[in-house]
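Number of protein chains: 2
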Amino acid sequence: MTFTVFSDEHYMREALKEARYALEKDEVPIGAVVVSQNQIIARAHNLTQTLNDVTAHAEMQAITAAANYLGGKYLKDCTLYVTVEPCVMCAGALRWAQITRVVYGTADDKSGASTAGKSLYHPKTKVEYGLLETDCRELMQHFFREKRK
Amino acid sequence: MTFTVFSDEHYMREALKEARYALEKDEVPIGAVVVSQNQIIARAHNLTQTLNDVTAHAEMQAITAAANYLGGKYLKDCTLYVTVEPCVMCAGALRWAQITRVVYGTADDKSGASTAGKSLYHPKTKVEYGLLETDCRELMQHFFREKRK
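Which chain is which? The protein sequence lines are E and X, in order. For the first sequence, position 10 (counting from the first letter as 1) is numbered 10 according to this note's numbering, and the numbering increases by one without interruption. For the second sequence, position 109 (counting from the first letter as 1) is numbered 109 according to this note's numbering, and the numbering increases by one without interruption.
Next comes chain E alone, as it looks inside the complex:
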């Protein structure tokens, strides 16, 4: 039996795939996956325009889907990979979910949770960033450049 342990980069590429699905729908291109025990248990992309709903961020949908998969509210031993830094709302949700680890690609200097000044995540949550940063950022820049045309 072969057992493959995928890398963080592998999962972030899956989040990037989700971000591109958002782009195809003319949504701000942000994608996310939740991984538990080396397996993707939830995947989602931003759908705020499509659903007319400010709460439909990729992370929020991924949290709900992952909890549904696990049959419990808490995302312990789970990692969220998301292409862009979570906003205040999403960091607040991740805090309630007590997620073990958050990995994001590129920072959001305007609306990212880190603009709040103090950490909004759960004290137990490990937060890392900068993975495939260029790919994640360029997707966002492309979207907003096209919007300004």
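Mixed in with the good hints there might be a few duds.
Because identical chains cannot be distinguished in the list, a pair is counted as satisfied if it fits within a single copy or across any two copies.
[To be verified] Straight-line alpha carbon distances no greater than 25 Å define the calculated BS3-like cross-link-like pairs of lysine-lysine that follow:
| # | residue 1 | residue 2 |
| --- | --- | --- |
| 1 | Lys126 | Lys110 |
| 2 | Lys76 | Lys147 |
| 3 | Lys147 | Lys73 |
| 4 | Lys110 | Lys76 |
| 5 | Lys73 | Lys110 |
| 6 | Lys147 | Lys25 |
| 7 | Lys110 | Lys149 |
Calculated directly from the structure, the hints in this document are not laboratory data.
Using the hints provided, position chain X relative to the given structure of chain E.
For chain X alone, kept in the frame of chain E given last:
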């Protein structure tokens, strides 16, 4: 034709009704209504246990429902009445929704948005609190007292 303009207290009593529905379901008793042009356009109560979903706070559901009613993401000229101070997640969502006004009953010194140190709401949002504070607080105290038994 008679046109009745209801008071803030009237709407907070409606939010309290929602909080009591949550209590009946053994959920943390928090209720919310969204009012636009003197009319309740959304009502919700906390369902995090029932739905196994940390994002199912009363405010989040009310935001989604109100946007659905209005056919647009932004809750301009809307007031959210909620029995307990919104948490970081909900304040973040209310920021995205650019809601005009938030009125809450009792503070949440542990998880309320004001614990973040700086305002998480939209700069245009007017935030008021203390309306029917005793009723809102006692409902919460009753719930947690029963849980400790």
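Comparing the hints with the structure gives:
Proximity of Lys126 to Lys110 under the C-alpha cut-off of 25 Å is found in both arrangements, the shortest distances being 22 Å within a copy and 21 Å between copies. For a Cα distance limit of 25 Å, the shortest separation of Lys76 from Lys147 across copies, 24 Å, qualifies, whereas the shortest one inside one copy, 38 Å, does not. Taking CA atoms no more than 25 Å apart as the test, Lys147 paired with Lys73 passes between copies only; the shortest distance there is 19 Å, against 37 Å inside one copy. In this assembly of identical chains, Lys110 and Lys76 lie within 25 Å of each other by CA distance solely across copies; the values are 22 Å between and 29 Å within a copy.
When the C-alpha separation of Lys73 and Lys110 is checked against a cutoff of 25 Å, the pair qualifies only between copies, where the shortest distance is 20 Å, while the shortest distance within a copy is 29 Å. In this assembly of identical chains, Lys147 and Lys25 lie within 25 Å of each other by CA distance solely inside one copy; the values are 13 Å within and 46 Å between copies. Within a single copy, Lys110 and Lys149 get their C-alpha atoms as close as 21 Å, which meets the 25 Å cut-off; across copies the closest is 46 Å, which misses it.
Of the hints listed earlier, there is not a single one the structure fails to meet.
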